[in-house]
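If you read the protein sequences in the order shown, they are chains A and B.
To convert, note that position 756 of the first sequence is 756 in the numbering used here; the numbers rise steadily by one, no gaps.
To convert, note that position 127 of the second sequence is 127 in the numbering used here; the numbers rise steadily by one, no gaps.
These are calculated hints, taken from the structure and not from any lab test.
Among the hints, erroneous ones may be present.
[Unchecked claim] Footprint (simulated), chain A over chain B, 3 or more residues, beta carbon under 8 Å: (1) 46-57; (2) 61-75; (3) 83-93.
[What the hints assert, rightly or not] A few chain B positions that, by computed beta-carbon distances, are all more than 12 Å from chain A: (4) E8; (5) A154; (6) H221.
[What the hints assert, rightly or not] Sample of chain A residues facing chain B (criterion: CB under 7 Å; computed from the structure): (7) R15; (8) L17; (9) P21; (10) V385; (11) M388.
Glycine included, each C-beta is placed from N, C-alpha and C at the ideal position.
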Amino acid sequence: MDRGGGLGLAAVSLRHLRERPGRTALSLVGVAAGSALVVAMFGVVGSFTSGVDRLVTSVGHVDLQLTGPGGAPLPGGTAGRVAAVPGVAAAAPIVRRSVVVAGQRVLLLGADAGAQALSTGITPSCLHASGAGPGAPDAVPVAAGPALARYLRARPAEATTVYNGSAAVVVHVVATVACSSVSRLNNGWFVAAPLAVAETLAGRPGQPDAVLVRAARQAKTGPLAARVQVAAGSGVVVGSPRQALSEARDEAQIFQQGSILVVVLALIVGGFLVFNTVSMAALERRRELATLRALGARRRTVAGIVLAEALALGAIGAVLGAAAGVVAGRAAIDSVPTVLVMAVGIRPAFTIAPWQLAVAVLIGMAATVVAALVPARAVSRVPPVDAMRPEGVLEASDAPRLRLGVALAGLAMLGLGYLLCAVGRASVVVLGFAFQTSGFIVVTIGVMGPIASSVARVAGRLGAIGRLAGAGLERSPRRTWTTTVAVVVGVGVVVTFTGSFENQLDTFSRTIATLGRPDLEVTTARAEDFPPEVTMSADWVDRMAGVPGVASVRAGQAFYATVGGRRVVIEGVQDPPTVPLVARLPARARAEVVAGGAIAVTRAFALAHGLKTGDTFELATTTGPQRLRVAGVGNVLMPVPGGGIAIALDRLQQWYARPGAGWLEIYERPGADRAAVRRQVTAIAKSAGFPTWVYSGPEILTASRRSVDQSSRIFQAMEWVVVGATALAVLNTLLISVVERRRELGILRAIGTSRRRIRRMVAIEAVAIGTIGGVLGILFGLSGHYVAILAYGRLLGFTVRYQLLATPIVVAAFSAAAIVVFASLAPAWRAARLNVVEAIGYE
Amino acid sequence: MGEVLSVERVVKDYRRGTQTVRALDDVSLAVHAGEFVSVVGPSGSGKSTLLHLMGALDTPTAGRVRIGGVDIAGLSDDELTDLRRHRLGFVFQFFNLLPTMSAWENVAVPLLLDGRRLNSLKGVTVPLLEALGLGHRVDHRPAELSGGELQRVAIARALIADPIVVLADEPTGNLDSETGAGVLDVLRRGCAERGAAIVMVTHDRRGAALADRSVYLVDGHLAGAPVAS
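The following block holds chain A by itself, in its conformation from the complex (with noise of 0.2 Å):
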C-alpha cells in the first residue's frame, strides 16, 4: 500500500527546482508579483488607518468626543458644562487642527492638566529641551514633533510662524517631544502647546475643537451620549472617538479597490505562469512520471509530486514577493498624492503587521496550488505504458478540438462578470472583474483547438520553415495555447487599464472644465491638493479687486467634514459659480443654490444617503440642523469616497464658523494688460505670511488633471509589473518548447537546415504566437476596459464615460511585439546552438 511514500519522492523532486535555476527562477517572478503587490497594497491602506489610530489612542482612555459641525471649533465652556453631567469621570477640552508652519501644513495639538484624567501619551517627561537659544521676545513657546523639528533645525534663518487661516503668530520651537507613543503622531509632523496657547494660536482663543470625555465606572456609553448632548447644545455633534478611523478606512477603500482589482489580476496572472510551467515542465518529464507510474506510483502520488512542487515554488516566490512588497509599499506611499494625503488628514508613514504578511505570503501559495490542481491531475492520468515508449512518441497528440461545454462555461462566467460590475454593489465588483477576466480564458481553453490551428496557420504563412513551424504548433495545441494565452494576457492589462486611465481623465477633464473660466485664480493650496483648507481673510476681496484690469473678484471655499458618519468635501461658492458640482447644473438649479436656498451633492453622497433631485436634506451646523432642498445630483469625482455637497459661500461661513475664502476667482476687464494683472496679483499673493499660488484658468485645469495622473501611476507600475511577468513567461515556455523538441531540432540539422533557419524557425513561431495573441488580447483588453470603467462606476461613485481609444491598442500591439521579440530571442539562439548529436541522442 503506497501509505506516504509521496512524501518522500516529493521532498526527493524539488531538486528539479534547483537543476532549472533559470526556469524556476522564472516561475518564481510570477508569484513574486502577486505577493509583492498584496503586500503593498496591505502596507499602503495599513498607513493611512494606522496613522489615524495611533492619533486616536494617543488621547487615552475615551468613552465619547465631542467635535464642532464641520469641524467648526466649540463654543466657550462646553467642557465644563459636559463634566457637570452625571456619569462623567472626566472631560478634556483639546486643539487638535492643521495649520501652516514654515510653509508645511502640520497637525496642531493642545492640551490642559485635565488630558492627564484620560491617561493620555502625552506627558511632561515626553518633552525634551530644543537646546535652541531664545527666541524673540513676543515668540510663542511650543514643542514640535521630531519630524518639524528637524525640519525647522535645518533653515534657522527663518522666522517660524503658525498660519492659522486668518492670521500668523510667531512662535520658538523650546522643546522636541520625544516618546515614541506620540513622536510618531503625524509622523512626527505637528506642533504641541498647552491648550490656552494652542487656542490662541488657532486663532480661536477659548474655544477648543473637541471635547473628551471619559465616563465614570458604571455608566452606560449610550444613555451618558444623550445626556451629553442635552448639556453641550444642538450645535455639537456627540460622537464616538474612533470616527476619524472610520473615515481614514474609508479614504484608504478607494485605494484598496482600485488596487483590489490590479492584485487580482496579478494574482490570476501569477497563477497562469504557475499553471503554464507546471504544464510545460509535466509534459517534459512524462517519461519520468510515467515511469513512476509503472513501477507501482498511485496517481495521487504523482499529483503529489506536482503540486509539492508547486507549493515549493508558491512559498518561495511569496516570500520573495513580500519582501519585494514591503519596498515597493514604502515607495508608493512616498509617491501617494497630496490630495489623498489631505483627505486622510494625516500623513502616512508605511505600516505593515506581520499577520498581513503571513496573509499575502499564504495568498500567493494558495494561488499557486490553485493554478497547479489541473496540470496535477493531468499528469497523474499519464499512462504508465508511456514509461515504454520513445521519446519522439510521447507528448499527448490530442488533436486540436473544439470544447463547446468549456467555452460555453468561460463565457457564461464573462456574462456574470459584466453583469456584477454593471448592477452589483461596490462589494461584488472585484468579484465581477475576477470573473470576467478567468471567463476570457476559460473560454481559451474552450477553443484551444482553433487557437493552434490559427497560430499555424498564420506562421505556414511565413514561408517553407514556417509551414514546418506550424506543423510543430498544430501538433501541440496544448502547448501553443500556454504560449498565446500568456501574450494575450499581457497585451489585455495594457489595453484594460490604459484604456481605462485614459477614459477616467477625459472624463474627469470634462467635469472640471468650468474651474478654466476665471482669468486668474489664487489659491492657498497647489491646484492639485485640493481642497485649500488654509484660508484668506475677508479683506483679500478688495485688495485683489484694487489691481487696475480686474473687473470682479469671486471668493469660495471648501473644507473636509463628517457628514453622516463619512468625510465628506464641503464647496461653498458664490455667482457666477466654477465648481463642477454647480456650475454644471441647470440654471434654475444653480440659482437656487448661490441664493443660499438650496444644495448640490454628488452623486457617491446621493448612494450613501438614498437621495435623488427634489429630496431635503439635514445638515448639522454650528447654528443648529439646517433642511435643504437637493437642487441637484452631480456626477464629480472627489477625492473622499463619500463625496461632496455644495451650498453658498455665505452660508458655509456663517454655518461653519468659517470666515474667509479658500481661493479667489479674478475676472478681467476686457482689453487689460494681462501680464500687468498678473504681476500685481501675484506681489499681493506673495506678500501673505502663509503659501499661496497663482494660476490662470488653462494652468488650473492642467494642475487639477495632475492629481488624477498622480493616483493613477501607481497602478499604471501594477500594470507594467504584470506585462512584464508575462513576458517572461512566454520565455519559459518558449525556452522549454525548444528543450522538449531537442530530438526533432537535432534531426532537422542532422538533415541540413542551417542554424540560421532553426533560429528562423523559432522566431517564426513566436511571431505567429505573437499575432494570434495580440489580436485575442485586444479583444481581452477591450472587454476588460470596458468592466473596468464600469467597475470605476461603482466603486467610485463617478460614472466615468467609456470610449473606444486608439492609443491603448497601439500601445497594446507594440507591447505585443516587445513581448514576443524579447521572449524569442534566447529560445532562437538555443535551439540554433543544440549539438546535433547529442540532441539525435536524446532521451
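Since the structure of chain A is provided, determine the placement of chain B on it from the hints.
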C-alpha cells in the same frame, strides 16, 4: 514450479483514426517461478504490447492476464498499481532512471513508494548495488554513469522489492554487445538468486539464447508452440 504470470488468449486492438489495428491475436503464455523466458520477433510483431499486458501497464481487449494468481480484470487503477509495485520489476530499454536522484536513491524508489523513509533505505540498497558491481558508484547521478552502469542500477531497482517476475523491455537495446552481455549476465544471476522469473523482450538472438525458453511472435501471433532453447 507454479505459474507466476500467465496470459490466456489475450487480444489487443488499437484504434488509429477510423481503423482498428490488432496488435495481439489470441496469445497464451505461462511463466513459471524462476523461469527465464525471452519473447522474440521482428519490429511490429507485438512483443512490446505483450509485455505491456503482462506488466499490467495496459489492459487486453479480450482474454485474461494473471499475475501471482490474481486476475487483473476488474481491478481498479490503484489495485493494478499496487500489484505492479509488489509483484513485478521493470527494466526499460532507455533505463528510465530519475535524473535528480543518485544511484542508490533510484534503487530505493519502489520502497519509497511503499511508504518507507528515504534516509532509512541506503543500508538496504547499497549492498544490492555492491553485489551488482556498483559499490563505488552509489552516490552518482545517472548523468555520471555509463550505459552499462545505468542498466545495472535499473536492474537493482527492479529487484529491490523482491518481485516474482522481472519484465525487461530490450534491456540491451541501447548498449554495445560486450556491455549488453554483461548486463544480461547480471540480470540472470540477480533474478536467480531471488527466485524471480524473467520475461525479456528482445530482437537480439544472442540474448534470447540465454533464456530457458523463447517464444516467437509474428504479426501478433505466437509462431508454433513454445520452443525450449
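Quick rundown of the hints versus the structure:
no.	hint	in the structure
1	46-57	holds (count 5)
2	61-75	violated (count 0)
3	83-93	holds (count 6)
4	E8	holds (21 Å)
5	A154	violated (10 Å)
6	H221	holds (21 Å)
7	R15	holds (4 Å)
8	L17	violated (10 Å)
9	P21	violated (13 Å)
10	V385	holds (4 Å)
11	M388	holds (5 Å)
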